[in-house]
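Student: Listed below, chain by chain, are the residues.
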Amino acid sequence: MSPLEALALLFLLGTGVLVVTLRNAIHAALALILNFLILAGLYVALDARFLGFIQIIVYAGAIVVLFLFVIMLLFAAQGEVGFDPLVRSKPLAALLALGVAGVLLSGLWGLRLAFTQDLKGGLPQALGPLLYGDWLFVLLAVGFLLMAATVVAVALVEPGKASRTQEAEKREEVVR
Amino acid sequence: MSYLLTSAFLFALGVYGVLTRRTAILVFLSIELMLNAANLSLVGFARAYGLDGQVAALMVIAIAAAEVAVGLGLIVAIFRHRESTAVDDLSELRG
Chain A
1 MSPLEALALL
11 FLLGTGVLVV
21 TLRNAIHAAL
31 ALILNFLILA
41 GLYVALDARF
51 LGFIQIIVYA
61 GAIVVLFLFV
71 IMLLFAAQGE
81 VGFDPLVRSK
91 PLAALLALGV
101 AGVLLSGLWG
111 LRLAFTQDLK
121 GGLPQALGPL
131 LYGDWLFVLL
141 AVGFLLMAAT
151 VVAVALVEPG
161 KASRTQEAEK
171 REEVVR
Chain B
1 MSYLLTSAFL
11 FALGVYGVLT
21 RRTAILVFLS
31 IELMLNAANL
41 SLVGFARAYG
51 LDGQVAALMV
61 IAIAAAEVAV
71 GLGLIVAIFR
81 HRESTAVDDL
91 SELRG
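Heads up: the sequence lines are chains A and B, in that order. Take 1 as the starting number for the first sequence in the numbering used here and just add one per residue. Take 1 as the starting number for the second sequence in the numbering used here and just add one per residue.
It should be emphasised that the hints constitute simulated quantities derived from the structure, not laboratory data. Among the hints, a few may not be true.
Said to hold, decoys possible - On the chain B side, residues computed to face chain A include the following (Cβ under 8 Å):
(1) Ser2
(2) Leu5
(3) Leu10
(4) Phe11
(5) Tyr16
(6) Val27
(7) Ser30
(8) Ile31
(9) Asn36
(10) Ala38
(11) Leu51
(12) Gln54
(13) Ala57
(14) Leu58
(15) Ala62
(16) Val70
Said to hold, decoys possible - Part of the chain A face toward chain B, derived, beta carbon under 10 Å:
(17) Pro3
(18) Leu4
(19) Leu9
(20) Leu34
(21) Asn35
(22) Asp47
(23) Ile63
(24) Leu74
(25) Val87
(26) Ala94
(27) Leu96
Said to hold, decoys possible - What follows is a set of in silico ranges between Cβ atoms, one per label pair, in the way DEER data are often shown:
(28) A/Pro159 <-> B/Ser2: 41 to 51 Å
(29) B/Ser91 <-> A/Gly133: 39 to 49 Å
(30) B/Leu74 <-> A/Glu172: 28 to 38 Å
(31) B/Val60 <-> A/Leu86: 44 to 54 Å
Beta carbons are placed, not taken as given, at the ideal position from N, Cα and C, and that holds for glycine.
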C-alpha cells in the first residue's frame with residue numbers, strides 16, 4: 001500500500017468521524033460531500049472508474065444537495081434538539097459500534113483473497129454487457145423501484161391534502 | 001485488504017451515528033455513510049471476484065437515491081404535521 005493510499009483512507013475515516021460528530025447539520029452534510037469525493041478517488045484507484053464518476057455526479061452532486069436543501073427548508077441545522085431519553089448513552093453507542101466493527105473484522109479474518117482479476121479499468125464498456133446480461137432483471141427492478149419512489153415522494157408531500165380537509169371542515173361548519 | 005478493513009470501520013462509524021444522532025436528517029446522513037461503506041467493500045471484493053461487485057455497487061447507489069427521496073419526503077411531511085424532526089418526539093404511533 002502506497003503512502004498516498006494510506007493518507008486517503010485516513011482522510012476517509014476522518015471525514016466519517018466529522019459526519020457523525022459535528023453539531024451543525026449543514027457542516028455534517030458538507031463533511032459527507034468531502035467523504036464521498038475521497039471515496040470517488042478511491043474507486044478510481046480500485047479500477048472502478050465509471051463508479052467513481054457516478055459517485056461524484058449522483059451522490060455528491062444530487063443526493064447530498066437534496067439533503068442540504070431539506071435542512072435549509074426545515075431550518076433543521078441545529079442538531080441537538082429535543083430531549084435525551086437515555087442520558088449519557090454515547091459510550092454505550094460507541095461500544096456497540098465497536099462490536100459491529102469486530103463482527104465485520106472477524107468476517108475478514110483469515111480470508112485469503114487474490115486480487116488478480118482483470119477489471120478492464122471498470123469502464124462502462126466493461127460494465128455494460130454485465131448490466132444488460134446477468135443483471136438485466138435486477139436493473140429493471142431497480143428502475144421500477146425508482147419510479148415507485150418518485151411517485152411516493154410526490155404523494156407524501158402533496159400540499160393539497162391538508163388544506164382539503166380544512167376546507168371540508170369549514171364547509172361542514174357553514175352547513176351547520 | 002486495507003480497503004476492506006477501512007470499510008468495516010466506516011460502517012461502524014455509521015452505526016454510531018444512527019445510535020447517537022437525535023435529528024431524523026442526521027440519522028439519514030449516517031445511513032448514507034453505512035451504504036457507502038458497503039459500496040467500498042463491494043468494490044474492494046470486485047478486485048478478487050470479478051466485475052459483478054461493481055455492478056452491485058451501482059445498484060446500491062440507485063436504491064440509495066430512491067431511499068433518500070422517500071425518506072426526505074417522509075421527514076418533510078412529518079415536519080409539516082409536528083413542527084419538529086427530532087426522532088424522540090415521534091415515539092408514539094398516533095398521528
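Student: Which numbered hints turn out to be false for this structure?
Tutor: Numbers 6, 8, 10, 17, 18, 20, 25, 31, in rising order.
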